[in-house]
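Got chain A sorted already, so can you dock chain B onto it with the hints?
Protein chains: 2
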Amino acid sequence: MRRLNLVTTRAEQRRQTEARILTAARELFGEHGFDRTTVRMVATRAGSDPGLVMRYFGSKEKLFAQAASIPPDGAIEGSPAEIAEQLIAALTGKLAEEPAAALAALRAMFSHPEAAAEVRTAMTAQQRQIAEQLPGDDALIRSGVLGALTLGLVISRHLVRLDGFDVPPDQLMAIAGPLIEELVKDERAARHPSLAAPTR
Amino acid sequence: MRRLNLVTTRAEQRRQTEARILTAARELFGEHGFDRTTVRMVATRAGSDPGLVMRYFGSKEKLFAQAASIPPDGAIEGSPAEIAEQLIAALTGKLAEEPAAALAALRAMFSHPEAAAEVRTAMTAQQRQIAEQLPGDDALIRSGVLGALTLGLVISRHLVRLDGFDVPPDQLMAIAGPLIEELVKDERAARHPSLAAPTR
Numbered sequence: 324m325r326r327l328n329l330v331t332t333r334a335e336q337r338r339q340t341e342a343r344i345l346t347a348a349r350e351l352f353g354e355h356g357f358d359r360t361t362v363r364m365v366a367t368r369a370g371s372d373p374g375l376v377m378r379y380f381g382s383k384e385k386l387f388a389q390a391a392s393i394p395p396d397g398a399i400e401g402s403p404a405e406i407a408e409q410l411i412a413a414l415t416g417k418l419a420e421e422p423a424a425a426l427a428a429l430r431a432m433f434s435h436p437e438a439a440a441e442v443r444t445a446m447t448a449q450q451r452q453i454a455e456q457l458p459g460d461d462a463l464i465r466s467g468v469l470g471a472l473t474l475g476l477v478i479s480r481h482l483v484r485l486d487g488f489d490v491p492p493d494q495l496m497a498i499a500g501p502l503i504e505e506l507v508k509d510e511r512a513a514r515h516p517s518l519a520a521p522t523r
Numbered sequence: 324m325r326r327l328n329l330v331t332t333r334a335e336q337r338r339q340t341e342a343r344i345l346t347a348a349r350e351l352f353g354e355h356g357f358d359r360t361t362v363r364m365v366a367t368r369a370g371s372d373p374g375l376v377m378r379y380f381g382s383k384e385k386l387f388a389q390a391a392s393i394p395p396d397g398a399i400e401g402s403p404a405e406i407a408e409q410l411i412a413a414l415t416g417k418l419a420e421e422p423a424a425a426l427a428a429l430r431a432m433f434s435h436p437e438a439a440a441e442v443r444t445a446m447t448a449q450q451r452q453i454a455e456q457l458p459g460d461d462a463l464i465r466s467g468v469l470g471a472l473t474l475g476l477v478i479s480r481h482l483v484r485l486d487g488f489d490v491p492p493d494q495l496m497a498i499a500g501p502l503i504e505e506l507v508k509d510e511r512a513a514r515h516p517s518l519a520a521p522t523r
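Going down the list, the protein sequences come from chains A and B. With the numbering used here, the residue at position 121 of the first sequence is 444, and numbering never jumps. With the numbering used here, the residue at position 15 of the second sequence is 338, and numbering never jumps.
Chain A extracted, bound-state conformation (with noise of 0.2 Å):
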């Protein structure tokens, strides 16, 4: 019993080391960039030592990565129609509510290509992953179009404050929203015929 509570201790202590680890890392590396900020710094803002981060994280980058990685939509999954619903949901959270420490992450990830690398891998994750559920034989770039669709929006509205994008995310929604939608399906071509004939 008592060995059961040290153990469940351990865990508990191990998951807020890293949760701080974490947290102290976004800030860092929003502040600072990548390449300024140091094992050593976040480990003194985390209250924690350089070994430990590097045995939980395992490098710079991979800390990097964890600390960029927008946090997963959760599962992504169903008919065209549920994915879009829940792509829809998901962008819907991201314009309403400023992403702070995913923002500053970013900001540091275009001025460092290996972590931007980092970054590729988890959005690639989610593209595949909706790639396999949609019809169609170019899926996998409609996925990715989705996924710069999401990015251009979240960056136009909270990095690069484009004029008229400061309104509650439904309004930008109404006209994104759609766009998901037909992403989603296979339908395009019949209602767009100006794909089989470019020079109309």
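Hints may be right or wrong, so weigh each one.
Stretch-level coverage of chain B by chain A, calculated; a stretch enters the list once three of its residues show a Cβ under 8 Å from a Cβ in chain A [said to hold, decoys possible]:
1. 455-464
2. 494-504
The following residues of chain A were derived to be distant from chain B, with all beta-carbon distances above 12 Å [stated by the list, open to error]:
3. Glu335
4. Gln336
5. Ala342
6. Thr346
7. Val362
8. Ala366
9. Met377
10. Glu384
11. Glu400
12. Gln456
What the hints contain is simulated information worked out from the structure, not anything from laboratory work. For clarity, every value in this text was computed on a predicted model and none was experimentally measured. From the three backbone atoms N, C-alpha and C, an ideal C-beta is built for every residue, glycine too.
Just chain B now, with coordinates in the frame of chain A:
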């Protein structure tokens, strides 16, 4: 006669010097980011001197803004269909050829909020110019979504390098093109009854 030649030559020299400075600035901002690139470094690489750089461009922020600005897509004007055609041609070009200098500047922008503000100015100028010609109450937002889609696709293809995006631009545009056509029109609500009854 001699004097006219002299004037022409000076204007031409200034044009060439400015172009060299901008090229050097793009390279250095891309390599080192905004913070660690100095006006002195730019001047040295351009074979010029810091005083001249400041005289021609005003400040490091303004130099960055010019270096980072993606070349305008030319005048975007005409009917919605013509606007769609021009936007599709411009995006196809951006997907076809990696805009190395602009991408390098884009990277630097994300790590530097002040520089991002300058890029914002350029992006919103184009957004407004297009919105003025589009029908519909939400033209400014649709025009912004057009910009967001372009930004997301360029980043996804050239920086993130999403899966399946390494195809001829026409294959990407077969999917993105219809979205652009959709956005320039004001008929989406009619074709998307889900907008009127979101809980269908």
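Check your understanding: the region 494-504 of chain B covered by chain A? Criterion: 3 or more residues, Cβ-Cβ distance below 8 Å.
Key -> holds (count 9)
Point to revise | Verdict on Gln456(A) as a residue remote from chain B, using beta-carbon distances over 12 Å | key: Holds: least Cβ distance 15 Å, greater than 12 Å.
Check your understanding: Is the Cβ of Ala366(A) more than 12 Å away from each Cβ in chain B?
Key -> 23 Å, holds
Practice item. Closer than 8 Å, Cβ to Cβ, for at least three residues: run that test on the region 455-464 of chain B against chain A and report holds or violated. Key: holds (count 3)
**Study point:** Met377(A) remote from chain B - nearest C-beta pair above 12 Å
**Key:** Non-interface label on Met377(A) holds, nearest chain B Cβ at 25 Å vs cutoff 12 Å.
Exercise for review: Determine whether the non-interface label on Thr346(A) survives the test: each CB of chain B must be over 12 Å from its CB.
Suggested key: 20 Å, holds
Check your understanding: Would you say Glu335(A) is clear of chain B, with no C-beta pair closer than or equal to 12 Å?
Key -> Given that every Cβ of chain B is farther than 12 Å from that of Glu335(A), nearest at about 36 Å, it holds.
Review point. Is it the case that Val362(A) keeps its Cβ farther than 12 Å from each residue Cβ in chain B?
Key: 20 Å, holds
Practice item. Quick one: work out the minimum CB distance from Glu384(A) to chain B and report holds if it exceeds 12 Å, violated otherwise. Key: 16 Å, holds
Exercise for review: Determine whether the non-interface label on Gln336(A) survives the test: each CB of chain B must be over 12 Å from its CB.
Suggested key: 34 Å, holds
Exercise for review: Examine each Cβ of chain B, and state whether all of them lie more than 12 Å from the Cβ of Glu400(A).
Suggested key: With a cut-off of 12 Å, Glu400(A) remains clear of chain B, as the shortest Cβ separation is near 19 Å.
Review point. Would Ala342(A) pass as off the interface with chain B, using Cβ distances and a cut of 12 Å?
Key: Correct as stated: the minimum Cβ-Cβ distance to chain B is 25 Å, above 12 Å.
In terms of the numbered hints stated before, the structure departs from none.
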